[in-house]
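For the protein sequence lines, the chains are R and U, in the order given.
Letter 226 of the first sequence, counting from 1, is numbered 225 in this note's numbering, and no numbers are missing.
Offset between the second sequence (1-based) and this note's numbering: plus 255.
Careful, some of the hints might be misleading.
[Claimed, not checked] Capping the alpha-carbon separation at 27 Å, the derived lysine-lysine pairs in BS3-like fashion look like this:
1. K423/U with K229/R
2. K365/U with K229/R
3. K458/U with K229/R
4. K535/U with K229/R
5. K321/U with K423/U
6. K464/U with K346/U
7. K380/U with K365/U
8. K289/U with K229/R
9. K229/R with K481/U
10. K373/U with K535/U
11. K64/R with K380/U
12. K321/U with K413/U
13. K229/R with K373/U
14. K64/R with K598/U
15. K289/U with K413/U
[Said to hold, decoys possible] The calculated label-pair distances, taken between Cβ atoms and stated as ranges, are:
16. S47/R with E317/U: 48 to 58 Å
17. A302/U with I109/R: 32 to 42 Å
18. N148/R with P425/U: 52 to 62 Å
19. I23/R with P425/U: 31 to 41 Å
20. I138/R with S575/U: 42 to 52 Å
In short, the hints are calculated from the structure, not lab data.
Because the structure is a prediction, the values reported are computed rather than measured.
Beta carbons are placed, not taken as given, at the ideal position from N, Cα and C, and that holds for glycine.
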Amino acid sequence: MSKRGTFYLLIVPVILWLAVLIVIPHMDMMYRSFRLETDDGAMVYSLSNYLVFFQDQIYWLTFVKTAVYSIGVTVLAFIVTFPVAFYLTKVVKVSYSSFMTLLLLIPIWIGELVTVYGWMILLRDNGVINTFLMNIGLIDSPIEMLFTNFSMTIGLLYMSMLFMIIPMMSALDSMDDSLIEAASDLGASKWTIFRQIVIPYTTPGITSGGIIVFMLVIGDYVAPNILGGKSSLWFTEQIYNKFLESFNWNEGAAFGFLLLVLSSTIVWVALKLSGQKLEKVGS
Amino acid sequence: MKKVVQICATATALSLMLTVNAEAKETLRVLTWKGYAPAKLVKKFEAETGIDVKLTYSNNEEMIAKLRATRGAGFDLAQPSQDRISFVQKKYPVYQPIDYSKIKTNQLTKSMVDAVKKNSAVDGKGYAVPHCYGTTGMIVNRKLAPDANDWSDLWNPKYAGKISYRLKRPLLIATAFGMGEDPFALYDDIDAYRKLMQRVEKKLIDGKKLVKNYWTSGDTQVAIIKSGDANVISGWDGKGWTLHKENPDIDFIAPRSGALGWIDTFALPAKSKNVEGAYKYINFMLRPENAAYFTNQEGYGTASNGALAFLNDDIKGNFSRSFPQADLDNIKWHPPVPAGFEKIESRVLDRIKAAK
Numbered sequence: 000m001s002k003r004g005t006f007y008l009l010i011v012p013v014i015l016w017l018a019v020l021i022v023i024p025h026m027d028m029m030y031r032s033f034r035l036e037t038d039d040g041a042m043v044y045s046l047s048n049y050l051v052f053f054q055d056q057i058y059w060l061t062f063v064k065t066a067v068y069s070i071g072v073t074v075l076a077f078i079v080t081f082p083v084a085f086y087l088t089k090v091v092k093v094s095y096s097s098f099m100t101l102l103l104l105i106p107i108w109i110g111e112l113v114t115v116y117g118w119m120i121l122l123r124d125n126g127v128i129n130t131f132l133m134n135i136g137l138i139d140s141p142i143e144m145l146f147t148n149f150s151m152t153i154g155l156l157y158m159s160m161l162f163m164i165i166p167m168m169s170a171l172d173s174m175d176d177s178l179i180e181a182a183s184d185l186g187a188s189k190w191t192i193f194r195q196i197v198i199p200y201t202t203p204g205i206t207s208g209g210i211i212v213f214m215l216v217i218g219d220y221v222a223p224n225i226l227g228g229k230s231s232l233w234f235t236e237q238i239y240n241k242f243l244e245s246f247n248w249n250e251g252a253a254f255g256f257l258l259l260v261l262s263s264t265i266v267w268v269a270l271k272l273s274g275q276k277l278e279k280v281g282s
Numbered sequence: 256m257k258k259v260v261q262i263c264a265t266a267t268a269l270s271l272m273l274t275v276n277a278e279a280k281e282t283l284r285v286l287t288w289k290g291y292a293p294a295k296l297v298k299k300f301e302a303e304t305g306i307d308v309k310l311t312y313s314n315n316e317e318m319i320a321k322l323r324a325t326r327g328a329g330f331d332l333a334q335p336s337q338d339r340i341s342f343v344q345k346k347y348p349v350y351q352p353i354d355y356s357k358i359k360t361n362q363l364t365k366s367m368v369d370a371v372k373k374n375s376a377v378d379g380k381g382y383a384v385p386h387c388y389g390t391t392g393m394i395v396n397r398k399l400a401p402d403a404n405d406w407s408d409l410w411n412p413k414y415a416g417k418i419s420y421r422l423k424r425p426l427l428i429a430t431a432f433g434m435g436e437d438p439f440a441l442y443d444d445i446d447a448y449r450k451l452m453q454r455v456e457k458k459l460i461d462g463k464k465l466v467k468n469y470w471t472s473g474d475t476q477v478a479i480i481k482s483g484d485a486n487v488i489s490g491w492d493g494k495g496w497t498l499h500k501e502n503p504d505i506d507f508i509a510p511r512s513g514a515l516g517w518i519d520t521f522a523l524p525a526k527s528k529n530v531e532g533a534y535k536y537i538n539f540m541l542r543p544e545n546a547a548y549f550t551n552q553e554g555y556g557t558a559s560n561g562a563l564a565f566l567n568d569d570i571k572g573n574f575s576r577s578f579p580q581a582d583l584d585n586i587k588w589h590p591p592v593p594a595g596f597e598k599i600e601s602r603v604l605d606r607i608k609a610a611k
């Protein structure tokens with residue numbers, strides 16, 4: 000078969016995947032998002048489902064809050080996991096490292112809902128942490144941790160950390176250790192080595208990890224809903240409410256597309272600002 | 256070649272056998288609430304009729320969304336609340352009328368059958384049969400909050416930080432009653448209702464700082480008061496009574512301004528594939544001894560009139576303890592929700608949830 004033929008043959012599954020599983024199911028939603036039910040029950044074409052988002056303060060404020068928290072969680076995920084990734088690839092012996100990576104995977108096997116309930120047991124007023132702190136006499140009355148933005152952030156961070164570690168580890172893995180040795184032989188400080196050698200080498204991993212974490216968090220429903228408490232209206236929760244509580248599928252569909260467009264825009268802006276290119280991230 | 260033919264023939268025969276087998280077993284797909292189909296009763300039903308029961312657990316909102324998405328296909332029997340049927344049916348025809356001659360109505364409380372038939376009616380045809388009823392009221396830890404006895408205690412500063420409720424439409428209704436208003440009387444006046452909801456919104460936003468958290472499901476409702484995170488919560492009678500069995504301090508209380516009564520029903524989805532099986536299931540579940548088993552298990556009242564004889568004493572005790580005659584007469588039964596009200600309420604709920 001010619002090279003061309005092979006190319007077409009191989010692209011078929013990709014196109015099928017995109018069309019059948021992604022494009023077609025969304026066509027109906029796209030159509031719905033432009034339909035509006037007037038007060039007398041007739042269906043008309045309208046942009047008002049989208050305009051509602053910009054006109055009604057709660058909606059865009061909720062989105063801004065969701066986006067800010069998602070960016071925050073992404074940054075936190077990087078700070079928390081970078082040392083772990085560095086340790087696993089550069090410090091510890093190879094045989095240990097693969098075993099430890101396996102341990103990191105375990106929370107993913109359990110499922111998000113169960114880990115979220117686990118955090119509830121730890122954080123509640125008479126939960127493990129508060130009871131321990133009170134028993135050793137550090138505090139007199141329980142600290143309110145559960146049902147706050149703090150507990151929500153912890154939950155989101157916990158479920159997304161792994162998706163930051165793995166791409167960073169693969170980037171760090173490919174870095175030649177002798178570069179670090181050479182730099183320190185030439186008198187570079189640890190900070191300089193970190194900034195000028197390690198970080199640039201890991202950047203593709205950080206970027207792809209960052210995109211995955213950001214998208215996971217901004218589209219999450221379970222952690223904000225269960226751990227988030229009384230004021231943590233997440234944008235996905237609003238979409239859920241549109242579909243299931245006010246039976247307004249049209250507005251729900253419009254909000255879904257807004258989430259897609261706005262979060263993609265944030266990723267695009269972040270890539271531009273940091274001077275990254277999407278093609279490089281993939282490699 | 257001969258071998259290939261042989262293999263093909265065997266495969267065809269095998270697949271035929273499989274399809275025959277699958278068809279021989281009649282199935283009934285039921286969309287219901289957790290606890291409404293106790294495992295023991297389902298097994299008994301399967302043994303009695305040979306019908307294979309497949310259960311899906313849901314709630315009112317999801318039930319409507321699921322049936323709407325498929326235009327009434329995918330399930331053979333559903334269990335929506337009686338006030339959530341007629342407006343859905345008018346807008347998206349997802350149910351089919353009930354043939355009441357196939358229901359053994361003589362084993363049911365007549366007033367309830369009539370009320371449900373009337374409330375679920377569209378174009379003069381009834382769409383539901385009552386299954387069980389209960390009330391939304393308050394679950395209180397009487398040792399730690401002995402005086403809490405009204406909806407207005409859900410924004411009483413005395414219980415700051417120990418209050419919890421489910422931020423859904425029943426709570427808006429309850430808040431209105433707690434403020435001394437009658438929301439059901441405004442069901443035919445959408446503008447007055449909208450204004451009432453604005454007052455309710457303000458009350459709940461002002462009271463938000465006192466709330467520990469909003470519970471979201473039967474399980475989180477039980478967990479939040481059992482763990483001591485809250486002492487005064489809105490809740491369902493059955494859940495409160497189950498908690499009372501484990502911890503006598505906790506009990507269900509009918510609020511002074513009126514507990515909210517609901518009736519859950521059986522309704523037939525428009526594209527039900529096993530209508531006969533569904534009728535069998537309804538009649539089976541409402542047979543006195545089976546209905547009594549359900550009530551003994553879950554605590555909710557049943558529409559079956561003969562079940563009383565089979566009830567446990569502690570279940571009878573629950574009713575007399577939580578519902579003295581005056582409170583029983585004061586139960587506010589949900590009338591059917593008019594179309595368009597959900598839109599008003601969902602905005603209100605969004606704003607309360609988003610408020611600081």
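(message) Need the list of violated hint numbers for this structure, in ascending order.
(response) Hint check: 2, 4, 6, 11, 12, 13, 15, 16, 18 fail, others pass.
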